[in-house]
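Chemist: Residue numbers (this note's numbering), protein chains in the order written: chain A, 1 to 135; chain B, 136 to 575.
FYI, nobody ran anything at the bench for these hints, they're computed from the structure. Keep in mind that this is a model prediction, so the values were computed, not measured. Every residue, glycine too, gets a C-beta built ideally from N, C-alpha and C. Do not take every clue at face value.
Unchecked claim - Here chain A is said to cover these stretches of chain B; the calculated rule only asks that three of the stretch's residues, wherever they fall, bring their Cβ under 8 Å from a Cβ of chain A:
1. 246 to 253
2. 323 to 331
3. 475 to 489
4. 510 to 519
5. 556 to 564
To be verified - In silico contact screen, one side only, chain B against chain A (beta carbon under 8 Å); selected entries:
6. G302
7. Q306
8. A334
9. R387
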Amino acid sequence: MKQGVIPDELTAPFWSAANESKLVIQNCSRCDRLQHPPAQDCGQCKSGENLEWKEMNGTGHIYNYGVVHDCPIRLLQDDQPFNVAVIMLDDDPGIQMYSHLPGTPVDDVPVGAAVEVVFEKSANGQKIPEWKVVN
Amino acid sequence: MATGYAPSSMYRSREGMGIWEHKGKVAAVGVGHSPTERRWDERPETSVGAWSIMALRNAIADAGVEPDHIDGIVIVPETTTGAFWPDDKPLPQDVINAFVQTDDPLDGVAKLSVEWLLKNMPELTNINYSVYAPVCMSNALNVAAQAVGDGLAHTVLVLKAWHNLEGRYYQGGQNAQDAIGGTSAIRSLWGAPACYGTALQFAEYCRKYGKDHDMMTPFIINSRRNGLMFPEGYWAQHRPEELTPEDYQLARWIAKPANLFDNDIPIMCAASYLFTTAERAKDMKQKPVYVLNHVDSDAVPRGLTPTLDEVEAECALTGRKIYEGAGITAADLSFENMYDGFTQFHQFHLEGLGYRGIGFGDALDFYQTDISIEGPNPVSPSGGNIGSGRSRFWMHTDSIQQLQGRAGGRQITGVNAEIGVSGGPMPLGGNYTVWSATPD
Ligand SMILES: [Zn+2]
Numbered sequence: 001m002k003q004g005v006i007p008d009e010l011t012a013p014f015w016s017a018a019n020e021s022k023l024v025i026q027n028c029s030r031c032d033r034l035q036h037p038p039a040q041d042c043g044q045c046k047s048g049e050n051l052e053w054k055e056m057n058g059t060g061h062i063y064n065y066g067v068v069h070d071c072p073i074r075l076l077q078d079d080q081p082f083n084v085a086v087i088m089l090d091d092d093p094g095i096q097m098y099s100h101l102p103g104t105p106v107d108d109v110p111v112g113a114a115v116e117v118v119f120e121k122s123a124n125g126q127k128i129p130e131w132k133v134v135n
Numbered sequence: 136m137a138t139g140y141a142p143s144s145m146y147r148s149r150e151g152m153g154i155w156e157h158k159g160k161v162a163a164v165g166v167g168h169s170p171t172e173r174r175w176d177e178r179p180e181t182s183v184g185a186w187s188i189m190a191l192r193n194a195i196a197d198a199g200v201e202p203d204h205i206d207g208i209v210i211v212p213e214t215t216t217g218a219f220w221p222d223d224k225p226l227p228q229d230v231i232n233a234f235v236q237t238d239d240p241l242d243g244v245a246k247l248s249v250e251w252l253l254k255n256m257p258e259l260t261n262i263n264y265s266v267y268a269p270v271c272m273s274n275a276l277n278v279a280a281q282a283v284g285d286g287l288a289h290t291v292l293v294l295k296a297w298h299n300l301e302g303r304y305y306q307g308g309q310n311a312q313d314a315i316g317g318t319s320a321i322r323s324l325w326g327a328p329a330c331y332g333t334a335l336q337f338a339e340y341c342r343k344y345g346k347d348h349d350m351m352t353p354f355i356i357n358s359r360r361n362g363l364m365f366p367e368g369y370w371a372q373h374r375p376e377e378l379t380p381e382d383y384q385l386a387r388w389i390a391k392p393a394n395l396f397d398n399d400i401p402i403m404c405a406a407s408y409l410f411t412t413a414e415r416a417k418d419m420k421q422k423p424v425y426v427l428n429h430v431d432s433d434a435v436p437r438g439l440t441p442t443l444d445e446v447e448a449e450c451a452l453t454g455r456k457i458y459e460g461a462g463i464t465a466a467d468l469s470f471e472n473m474y475d476g477f478t479q480f481h482q483f484h485l486e487g488l489g490y491r492g493i494g495f496g497d498a499l500d501f502y503q504t505d506i507s508i509e510g511p512n513p514v515s516p517s518g519g520n521i522g523s524g525r526s527r528f529w530m531h532t533d534s535i536q537q538l539q540g541r542a543g544g545r546q547i548t549g550v551n552a553e554i555g556v557s558g559g560p561m562p563l564g565g566n567y568t569v570w571s572a573t574p575d
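Just chain B, same shape as in the assembly:
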């Protein structure tokens, strides 16, 4: 079974498509996670492949299905956080010995194929549909929802895993060279780090609306607080430290106006969800969480970096597509779990959604009100990447768990968890899922 990338026809990219044809007919049931770690220690049992298997098996057990009932799998084959296994470094022999190998020695170490997973998970005997989604869990969720809705498979595992290796983030490769190729030079000669583009948008936002960096503080504190109540997350597992306003406001700049805590921390981790039809979900172990819609944003900026105007226009469009396909309005959202890694675009997502009636320029004032899980306007109850490290999937796990009533310490209490939205990453270029406790 050769596995390829999902065709663009599986994504809902346009406005005017109407209510999603499979609204309420697809459900997430099981959730499975691996542990987290800052970097790989090069042991077989902590490799990205081993943790992927663990996350998948945890999702299967959580849903309470027999592995041979699963007929589909959607994974993201890229696993890098920005770290690459050096060409001249041999793989540890015990890692090679521990798994059934594919033709690619880095499979299961610094990338992941369906072939590798199936070779190492012999209990998955009935997979007849497999497909790749690029980069993010958010993307894979859209594909899985559409695949189940279209009847391409009835019980589907979705997986995203991340590897992180020794060495400082993005300091190797091209960045360490004395000369680089002409095409990449046009963007990269000036040395802007990853958060720079978002920092620029935030700088323009502050000038336009009269806001400042310190106004982000309540959002950061709230995110870390929620993250420390996420037992699957990095900060909860390894560094259970509350953040103070001073910690945030005095942190060193990376690309001003983005500082250290406006960035997420790259980690190793894996997560999996089990998707199935609403009909089959009734017989599974956990309460089904129904998918009301999925949305793709495929906008491309005209220039080197998106302008604030482009960002605001695309977030507004994404918001309209989210509501249109789900047949809901902003007033129906119990909570939002839009992406936050970098912190400084979360407000664009919120404003595009019109969450709790806010418009462009309002979000930083909104952050000064009660945005906690106990209040009427929960913001990022997952705590996101800021609260639990870079996975780009905490927001999905949290949305499912909130609507199942098993988010533990993070369970929102100021409103009933009925409908939520999660997704990302970037304002221009992301995938979003609308989740509901009921199918309609």
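This is chain A alone, in the form it adopts within the complex:
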């Protein structure tokens, strides 16, 4: 079970969109550049003036993965070992998200495979973007 999330000012739009089963990513409209994790300023122009949230189409590919056997987070320790993959979004492969790849066997991960976003409840009910391999 993933830990619950307490949204803060910076990330609240990301988490409330997730609760509506939508994936949004921070975008600088001046640079036309997405960034994740979100930040106070654009990583390119260094200004916070033009930051907005943009909905993604919810598809991506598995870039890479590891198998976690010794996890520091108490709530996840019962699930060991588990996959932690890095997803690159089709909207912009420079944007990465982590995933436990629900439904994919441990250490049997098809690197490069297409995935689509799903939303999974965490310990306090906050929905979390997760990714499933598209068959």
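Since the structure of chain A is already known, use the hints to place chain B with the ligand on it.
Modeler: Relative to the frame of chain A, chain B with the ligand by itself:
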């Protein structure tokens, strides 16, 4: 005297800066270490403050200078290995009584200020330059070299100390909570341990170049072997155990493809070096080791974790900056002491340097050749963090001692020790020093 962090202008971060303006004009002379311990036993004499004082005094004695000749100090104020003193736990009274306190009760226990050190080292009467460097000795060395070169001080102590407390590594705090803040959740909800990012880069490296985890074995064995010849180190002092290939290959996974021995062991320890001008160094007790260049890597990945492409590009850039500022080429390196805690990025550093002519994808094959201290291509003669525990400074001590000819059992014999490079930690984000037995 208020102490702040060194300004970014002290670092050499860019390519194209030319040869370092103080090349060969700054030298390391003295080396001082504390003992090592796995965790603090809460006695005053083994606190991070006590061991810092010990390391500093050992460096002063080793250099053979009078304490009142020292006019500068560069330290890393952060001392945690990932362990924090609990808010609700009172400090032992005998620890409080043993030292002159500052306003912060954790000073000298779970952090370190210049103020605390000067209050507890009354012999340092002439310090008029003090500055902080973040996180690592590698960073502090860059600052100290630049400070001496710029004439901000002429005789400078550099210090890094580590505390480690009871309890399992990183298992407390936020990781034990049922819910966490939204910003950290974006990175940490998935439970990846510290070695995960490096394990990912290694996994991609293996896929790209057709390598595998077992090919790391000679590097691990070599590192432990060299570490057991490092009398200042943790494994030599507490657990003098050779590693076998089976020990490594059958060890439990932490984040596959990183296993237990791809990680370093968090420990308590402190080390100090005495830096001075090349001119003053001539009159000191030890042979001077000259700084030819120092380099900073400040790259930031675009995404959550660096890709192999980003890692390789930054290591290549770091290699070019190292050589450019020192006015040398890869062929001039007698040895390399790049960082290794985690093991699985040492090869990126080697390949970025083009050490012994290797390119990207070559290092694991290179590990199957003679990389020992007796051979022509010594790799990590210090044994690094893998050989002696997590300090991120063994590689610097070893580089200095190799070039002074006093590395003892670790002294490289297959080549003359003339020029070496050390530094780290991460491929994206590190600091490096080029050392030489001669000033030019
Ligand atoms: Zn921008």
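Chemist: Look at each hint and say if it fits the structure.
Modeler: Hints, verified against the model:
1. 246 to 253: Three-residue rule not met by the segment 246 to 253 of chain B, so violated; n is 0.
2. 323 to 331: holds (count 7)
3. 475 to 489: As far as the segment 475 to 489 of chain B goes, the hint is violated, because 0 residues have Cβ atoms under 8 Å from chain A.
4. 510 to 519: violated (count 0)
5. 556 to 564: violated (count 0)
6. G302: It is violated, given that the least Cβ distance between G302 of chain B and chain A is near 12 Å, above 8 Å.
7. Q306: Q306 of chain B check passes; min Cβ-Cβ to chain A is 6 Å, inside 8 Å.
8. A334: Because about 5 Å separates A334 of chain B from the closest Cβ in chain A, which is inside the 8 Å limit, the hint holds.
9. R387: holds, 7 Å
Consistency with the previously given hints fails for numbers 1, 3, 4, 5 and 6, ordered from lowest to highest.
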